[in-house]
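Student: With chain A held as given, fit chain B onto it using these hints.
The residues making up each chain are set out below.
Number of protein chains: 2
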Amino acid sequence: MAQRHMHLGAFMRPVTIHTGSWRWPGAWADANFNFPRLKTLVQRLEAAKFDAFFMADHLALLNMPIEALRRSHTVTSFDPLTLLPALAAVTERIGLIATASTTYNDAYHVARKFASLDHISGGRAGWNLVTTANPDAALNFGHDAHMAHGERYKRAKEFYDVVTGLWDSFADDAFIRDQESGIFWDPARMHVLDHQGEELSVRGPLNVARPVQGWPVIVQAGASEAGRQLGAETAEMIFAAGGRIEDSRAFYADVKGRAAALGRNPDHIKILPGALVVVGDTLGEARAKRAKLDSLVHYESAIGSLSSVLGVDARAFDPDAPLPEIPETENSKSGRERAIRLAEREGLTVRQLAQRLGGYAGNAFVGTPATIADEMQDWLESRACDGFNIMFPNVPDGLDEFCGRVVPELQARGLFRREYEGTTLREHLGLPRPENRFFA
Amino acid sequence: MAQRHMHLGAFMRPVTIHTGSWRWPGAWADANFNFPRLKTLVQRLEAAKFDAFFMADHLALLNMPIEALRRSHTVTSFDPLTLLPALAAVTERIGLIATASTTYNDAYHVARKFASLDHISGGRAGWNLVTTANPDAALNFGHDAHMAHGERYKRAKEFYDVVTGLWDSFADDAFIRDQESGIFWDPARMHVLDHQGEELSVRGPLNVARPVQGWPVIVQAGASEAGRQLGAETAEMIFAAGGRIEDSRAFYADVKGRAAALGRNPDHIKILPGALVVVGDTLGEARAKRAKLDSLVHYESAIGSLSSVLGVDARAFDPDAPLPEIPETENSKSGRERAIRLAEREGLTVRQLAQRLGGYAGNAFVGTPATIADEMQDWLESRACDGFNIMFPNVPDGLDEFCGRVVPELQARGLFRREYEGTTLREHLGLPRPENRFFA
Numbered sequence: 003m004a005q006r007h008m009h010l011g012a013f014m015r016p017v018t019i020h021t022g023s024w025r026w027p028g029a030w031a032d033a034n035f036n037f038p039r040l041k042t043l044v045q046r047l048e049a050a051k052f053d054a055f056f057m058a059d060h061l062a063l064l065n066m067p068i069e070a071l072r073r074s075h076t077v078t079s080f081d082p083l084t085l086l087p088a089l090a091a092v093t094e095r096i097g098l099i100a101t102a103s104t105t106y107n108d109a110y111h112v113a114r115k116f117a118s119l120d121h122i123s124g125g126r127a128g129w130n131l132v133t134t135a136n137p138d139a140a141l142n143f144g145h146d147a148h149m150a151h152g153e154r155y156k157r158a159k160e161f162y163d164v165v166t167g168l169w170d171s172f173a174d175d176a177f178i179r180d181q182e183s184g185i186f187w188d189p190a191r192m193h194v195l196d197h198q199g200e201e202l203s204v205r206g207p208l209n210v211a212r213p214v215q216g217w218p219v220i221v222q223a224g225a226s227e228a229g230r231q232l233g234a235e236t237a238e239m240i241f242a243a244g245g246r247i248e249d250s251r252a253f254y255a256d257v258k259g260r261a262a263a264l265g266r267n268p269d270h271i272k273i274l275p276g277a278l279v280v281v282g283d284t285l286g287e288a289r290a291k292r293a294k295l296d297s298l299v300h301y302e303s304a305i306g307s308l309s310s311v312l313g314v315d316a317r318a319f320d321p322d323a324p325l326p327e328i329p330e331t332e333n334s335k336s337g338r339e340r341a342i343r344l345a346e347r348e349g350l351t352v353r354q355l356a357q358r359l360g361g362y363a364g365n366a367f368v369g370t371p372a373t374i375a376d377e378m379q380d381w382l383e384s385r386a387c388d389g390f391n392i393m394f395p396n397v398p399d400g401l402d403e404f405c406g407r408v409v410p411e412l413q414a415r416g417l418f419r420r421e422y423e424g425t426t427l428r429e430h431l432g433l434p435r436p437e438n439r440f441f442a
Numbered sequence: 003m004a005q006r007h008m009h010l011g012a013f014m015r016p017v018t019i020h021t022g023s024w025r026w027p028g029a030w031a032d033a034n035f036n037f038p039r040l041k042t043l044v045q046r047l048e049a050a051k052f053d054a055f056f057m058a059d060h061l062a063l064l065n066m067p068i069e070a071l072r073r074s075h076t077v078t079s080f081d082p083l084t085l086l087p088a089l090a091a092v093t094e095r096i097g098l099i100a101t102a103s104t105t106y107n108d109a110y111h112v113a114r115k116f117a118s119l120d121h122i123s124g125g126r127a128g129w130n131l132v133t134t135a136n137p138d139a140a141l142n143f144g145h146d147a148h149m150a151h152g153e154r155y156k157r158a159k160e161f162y163d164v165v166t167g168l169w170d171s172f173a174d175d176a177f178i179r180d181q182e183s184g185i186f187w188d189p190a191r192m193h194v195l196d197h198q199g200e201e202l203s204v205r206g207p208l209n210v211a212r213p214v215q216g217w218p219v220i221v222q223a224g225a226s227e228a229g230r231q232l233g234a235e236t237a238e239m240i241f242a243a244g245g246r247i248e249d250s251r252a253f254y255a256d257v258k259g260r261a262a263a264l265g266r267n268p269d270h271i272k273i274l275p276g277a278l279v280v281v282g283d284t285l286g287e288a289r290a291k292r293a294k295l296d297s298l299v300h301y302e303s304a305i306g307s308l309s310s311v312l313g314v315d316a317r318a319f320d321p322d323a324p325l326p327e328i329p330e331t332e333n334s335k336s337g338r339e340r341a342i343r344l345a346e347r348e349g350l351t352v353r354q355l356a357q358r359l360g361g362y363a364g365n366a367f368v369g370t371p372a373t374i375a376d377e378m379q380d381w382l383e384s385r386a387c388d389g390f391n392i393m394f395p396n397v398p399d400g401l402d403e404f405c406g407r408v409v410p411e412l413q414a415r416g417l418f419r420r421e422y423e424g425t426t427l428r429e430h431l432g433l434p435r436p437e438n439r440f441f442a
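As they're listed, the protein sequences go chains A and B.
Numbering-wise, the first sequence is residues 3 to 442 according to my numbering.
Numbering-wise, the second sequence is residues 3 to 442 according to my numbering.
Read the hints as simulated data drawn from the structure, not as lab findings.
It cannot be assumed that every hint is accurate.
The list cannot tell twin chains apart, which means a pair is met if one copy fits it or any two copies do.
Unchecked claim - Straight-line distance between alpha carbons at most 16 Å, and here's what the computed EDC-like set of lysine to aspartate or glutamate pairs gives:
(1) Lys294 to Glu339
(2) Lys41 to Glu94
(3) Lys294 to Glu182
(4) Lys41 to Asp138
(5) Lys156 to Glu201
(6) Lys156 to Asp315
Chain A extracted, bound-state conformation (with noise of 0.2 Å):
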């Protein structure tokens, strides 16, 4: 069996995740709005060879309570699809992925801008299609209420074939340019989409010629059952939750299945779990910096969520003792046997199994590159995934960890890619160039 590569992303936001990461010592806390430190991040992410730059996205400030919330760097960020055409601008290879949200977005807006980005780019742009799961962002977009989920993910389906069909309103050999004739296009290459939906009424054309990559890469991270069937009907990369690696090939085997049920080849489906990525010389090193990042996070906060996650109130207990036998509840089973489970696993007082579940409770790989490695291995041969869409504990330096100590030892391993061989994202993905639905 030939060797299987792994695919990675960094998933941004714009810069972590964990909620403790902008107090680690020298950590740049301002990056999230400092251009030039995201232009030297994604550089480095190119240099590593990363295949995309993915960024995620919120319509409005986190709903959290406010004790948190005033703690989080995530609380704001610069709209995607303003910072991705700059970072564009100064890279060459990496590919970068916006999301964009098909409830509170104009299809036509979303069709022009990322066909605008994937020319500017030279073939780099992908789209992560999301419904919104944030209620708030309702109220900034003229809304009394958010969309019930099963109408979000129908207008989201329409939205993605009109987005599509926008994209191929002109042939590729539409525009001609001859300064001879005089003639700079030929509206026989040009489709008029006119599409009258439940949801959506757009004419069209696009006025953008049609993308370099035919259609920028669909993203899609949806794990509902609507979610799934719309990642297998559409995506080619999927952000997976992540979590045990059994749960990840049932995943994997399931959406791959479902996309061959359609007709798809599954190959052209991607599947990225994400991960967040601790490294140390020794395991012992990256457990105790992981432990150090969590012990970052603000405990008030952490312990208000723990009580949530159990269904007691989790305040009551000793903070630097062990989790006590935790009651049944009508709370979700799945959440209190997880956390529970957890605590158990690595031996975690209350206080630190609060304060981990409040930094960043997902996927996660802590220990030596050698090990980190291992575990990377081990998902991608087994059909876990293809590759990761990876978290940076803190940045630079955890960014810089990975890129200087886990890729090399990928790229020893023949599992990662040691230049880029292609020029667009989705050559980096291996995946095809969508035909023009319209014309040959």
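Tutor: For chain B alone, kept in the frame of chain A given last:
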């Protein structure tokens, strides 16, 4: 009296306006979709110390007959709010003005994108607030018909109030980022707008820190009664139509008078008419250059437009003879008379008149660097303007001629800066930084 200094914007679409310009020998016909070329152009404008790169926009194909449209290099263009961040990343001082519609946008998106651009560019963003004149845009945004003129202006004013209110969501000192205490920002220094108006309902706050300039510079171009009034109330730069110097003086006095009557400092509205500039070694060479440029305009399309303007079928005339006497018709008298006067003044044939109007019919300075500087100086000193939004007959040559020959002439006369003195667009234009309406 102290010497007046002029301000110069480069009005780009995103390159040239004249419909024959892409056919000029050596012209960069593909510049509107070629980022490396646009990067070169903006860097040359910055080297010439322009105040701003000013980008027009359309939200649909231009509504012109297909025979003209298929010969137009301005048929499509990048989204300005996607192109300008990329240009920000490859420049350091020049202002960046993007056109964005108040009719076909969400105020929250517009506020957020301009705030992001202002941060990314270090305070160089400007917003050309338009209500969108092309009725075809409505069909791309789910509307059956274009909003009426009065309603568009009413919405524009409310939209402006919301966007500027969102920019003021955070006090300038709201972001503390105290790594020791873990407090990232101060909720007491945040204002929730909670706007409930006739056209818009937007809660806020914006999830972006206050822009570097407080507010990006507000630009407008409306010439109607409603447009002038909105400009007097809110604009800091006005793109005026130009035309005859005496008309421009009257416009200048009218708008500055309206602003003063509203209690504004008239110096805080800069009026910059558009001007196509064609440079030659002699007056004759410049005129021949312009004639050649006009000759690249498609005659069949141009004669159709001339027929509409004159209210008669101009196809019946000898194209190479002077314009015959034109009877009065029901058509707009002012348009017809302007065309007849132009043909008389410059001794144009029917063909030349048609191609002139089909190419670019607005204000133009055609001559040697010295005669062009004379005209520009006369306009400035007689208070017909505070500077100009320059249009180039072709790129790169027309741009290089202006930057390399006219700018040094203006500098030698003390009319234009030799170096940037400030770093923000407001500083280039001599505009104050707005106070935050919610925080001292």
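Student: So, for every hint listed, does it hold in this structure?
Tutor: Tested hints:
In this homomeric assembly, lysine 294 and glutamate 339 never come within 16 Å of each other (Cα to Cα): the closest approach is 25 Å inside a single copy and 79 Å across copies. Both within a single protomer and between protomers do lysine 41 and glutamate 94 lie at most 16 Å apart by alpha-carbon distance, with minima of 12 Å and 14 Å respectively. Taking the closest pair of Cα atoms, lysine 294 and glutamate 182 come within 16 Å of each other only across two copies (14 Å); inside a single copy the shortest separation is 69 Å, beyond that limit. Taking CA atoms no more than 16 Å apart as the test, lysine 41 paired with aspartate 138 passes in neither setting, with 31 Å inside one copy and 39 Å between copies.
Taking identical chains as interchangeable, the C-alpha atoms of lysine 156 and glutamate 201 lie at most 16 Å apart only when both belong to the same chain, with a minimum of 8 Å there against 27 Å between chains. For a Cα distance limit of 16 Å, the shortest separation of lysine 156 from aspartate 315 qualifies neither inside one copy, at 39 Å, nor across copies, at 53 Å.
The structure fails hints 1, 4, 6 (numbered hints given earlier, in ascending order).
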